[in-house]
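Line by line, the protein sequences give chains A and B. Counting from 1, position 308 in the first sequence corresponds to residue 308 in our numbering; the numbering is continuous, with no gaps. Counting from 1, position 244 in the second sequence corresponds to residue 244 in our numbering; the numbering is continuous, with no gaps.
By construction, these hints were calculated from the structure, which means they are not laboratory data. Be careful, since some hints might not be right.
What the hints assert, rightly or not - If you only want the chain A side, here are some residues facing chain B, beta carbon under 10 Å, derived:
{"#": "1", "residue": "L26"}
{"#": "2", "residue": "A30"}
{"#": "3", "residue": "T44"}
{"#": "4", "residue": "K54"}
{"#": "5", "residue": "G84"}
{"#": "6", "residue": "K160"}
{"#": "7", "residue": "R277"}
Glycine included, every Cβ here is placed at the ideal spot set by N, Cα and C.
Okay, here's what each chain looks like letter by letter:
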Amino acid sequence: MTGTIARRLASIVPVMCIVAICVFLLLHFAPGDPAAIMAGDNATPANIAAIRAKLGLDQPVWLQFLVWVHNLLRGDLGTSLFWGEGVMTLIGQRAEPTISLALTTITFAVVVAVTLGVVAAAKVGSLLDRAVMGFAVMGFSVPVFVVGYLLIFVFAIILKWLPVQGYTPIAEGVLPWLRNLILPSFALGMAYVALIARITRATMLDVLAEDYMRTAKAKGVATRPMLLKHALKNAAVPIVTVIGNGVALLIGGVVITETVFNIPGVGRLVVDAIARRDYPIIQGVIMVFSGVYVLVNLLVDLSYTLFDPRVRG
Amino acid sequence: MNATRRSMLRGSLAGLGLAAAPGILHAQPRPSERRTVRAVLQDDLPNYDPIWTTANIVAYHGAMVYDTLFGLDAKFQIRPQMVTAWDVSADKLTYTFELRDGLRFSDNTPVTSADVVPSIRRWMVRSGPGQILAPRVRDISPKDDKTFVVALSERFPLLLDLFATTTTPVLFIMRKREAETDPMQKIDQVVGSGPFTLNQDETRVGSRYVYDRNPTYVPRDEPASGMTGGKLVKLDRTIFVNMPDAQTAVAALEAGEIDFYEIPPADLLDQLQDNPDIIVENLSELGWVGYIALNWLYPPFDNIKCRQALLHVMNQADMLRPTFVSPKWYRTCPSYFTCGSAMDNDANTDWFRSGPDIPLAKQLLKEGGYDGRPIVMLQATNILYMSNAATVLAQEMRNAGMNVDLQPMDWANVVQRRASQNPPDKGGWNLFFTSCGGLGNSDPFMLAQMASIGRKGWFGWPDDARNEDLRAKWMMAETLAERKTLAVEIQENAWNVVPHISFGQWIQPGAHRRNVTGWLHVPGVVVFWNLEKA
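Same shape as in the complex, but just chain A:
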């Protein structure tokens, strides 16, 4: 087991190296000049050239790459071209809102989606099943920002139950923290709910058709234990896999959701950085997101051993 984990951890290294090279090259060959943006609209070409030299952007790309890699290996993601603060500091400041949003969204999505998927599978062909599947199709089809604006309009503007935007740190109280996260989590979680609910239903239907389920039913096992203890546990591997793969979906959604709900998280940080071509932030955030994605998928792989003893062997 330890060997498996070590091998999987080691496999992260080449993945991250490839990500690092791609990120750097894509950014530096994409058009846009941070010095020109920084200088403002009235700046002359000489002003811009001076800023470019000051930032080291007039150096050859290969040299900039080597400097970046050298710093990266020392755990230094660089300094923002605009704010002059360390990228790690900026990511650290923005991490709490993003982690909060991601965790509340995953919790909401998994609880709702697995419940809907199990119920739909148990009542296959019923009105409830069709309603759940209809909801799943809609959830997957409607973009996050549309759901977000609709939620804001109904729950913040009309009903005034929840705030339009912003983020309250958990340090200022769990309830205010949660109030700010309900709408964004719901908006972001819709697609996730749809995805997991469909997979849960489909997998549960496969498992429920197995002989051992018929045997359990024949032995008089009640419906709830049969669904939750026998069927769901056996259906868990594909569900957990989808949850893990869905992290990429979540990361993409976080960027949009944070913008719509004005949550000062890592997603907003990278959107602003892209608009300004603040290369160190873009590179740093993508590296962190990539690392998170790879780690989550590693954890998903490892979790198979909990659900399926055959994997342990």
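Dock chain B against the given chain A, drawing on the hints supplied.
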């Protein structure tokens, strides 16, 4: 030890408490909501150095934290601010200024001439007009703690105009320590003598910028007017909230989560005006001027006839209406200078009065030798007025037989591309869109765009000796009447040679909650003193 649901719940709550602990321990007492104004402004602050950059938003920050020697009042008249008295020698070559009593930086050190002198010197390096002033300055020196002298080598009647203007970079006075920073470097500390201080503990760059009332600030004994007068801070805190999504900002304003939104989109202004809790108010009467930069280096716009042809192609109203919706928010303007400003005139504007004339444009293009080559138009699709104006003008140019290559990209890409002096088919360009503040465009001097000095000048690189000659005369003119006469000549010349084209003017009303009153009208800057919140 078995994990039960109850123990899991206890553990989760303990974890939440633990996560909250550092914030609780470090939490600062905050002013109440009644004493706080939250504002969503045009952009995020790119840095804290208002001398280093010309970005307008940094001047907003500068006006909070720093003070100016002079300022423009609500009627654009120059009035003293940090200065209490000044004297000009008979030969008009020596200006002596005296600072008013009680000026202190927020670190409680007094403001002295030793701070002012390096502040002016650093600003002269970074500011376009300052660079014109610099060779005319023989010396700037402190006479004593409260007095400093500017000695000129030749007369320069615009000196006080430069000290007072809100065209960026504004001459903000910094401590000697920051003022002596290399002008090519940004300052590393934010300590000013203005009405607010930046609360860096509560600020989160890119998200919110927190300004507290500066307890050491001594306002002038006069009512506030524009950038001058008593900058009385009646509330405790102002927060600049960075909120890039316009729809969210409008919703936040309607819900009362923010108090001010500087640039609500024009198509949502009617919705805001219908809300009884919100007032839509124009804080900058001169507004903004739309601007088409033409590349003088390459065909077809290296040819005067082809540039003139564009004047006869363009329909300003068509270009403005898709973005600004109603004539309430925009106006067509044939003047080379901002309409409504002192230099506004109607010399040589037949091209505008007669309206678009496609046959004439075709004739001019023919005379200019236009050979049908692609005309590269840069379209910043993430800035609505630029994108819409480009779409409309491209079609109008096609109607006149021009082969327009409309290249969509984001603004970041435009600002990189526009710096290229390569041919249009090798990474260069022929025309792009931007805008400038109405105040800056009110004279031929403040903006780099007004100079026609060739490849060393602003993007487009117009080269016109007569314009430069007239500008130089304008700078040396002593009276408003002389300047107006010269402005007519500049405009006559400009609409002949067409260094660039303006495509009209618009106002950008802000929206604020009705319970926040006392907003001051300042061209180019939004200021937050004088506000009260009911």
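How the hints compare with the structure:
no., hint, verdict
1, L26, "violated, 14 Å"
2, A30, "holds, 8 Å"
3, T44, "holds, 5 Å"
4, K54, "holds, 6 Å"
5, G84, "holds, 7 Å"
6, K160, "holds, 7 Å"
7, R277, "holds, 5 Å"
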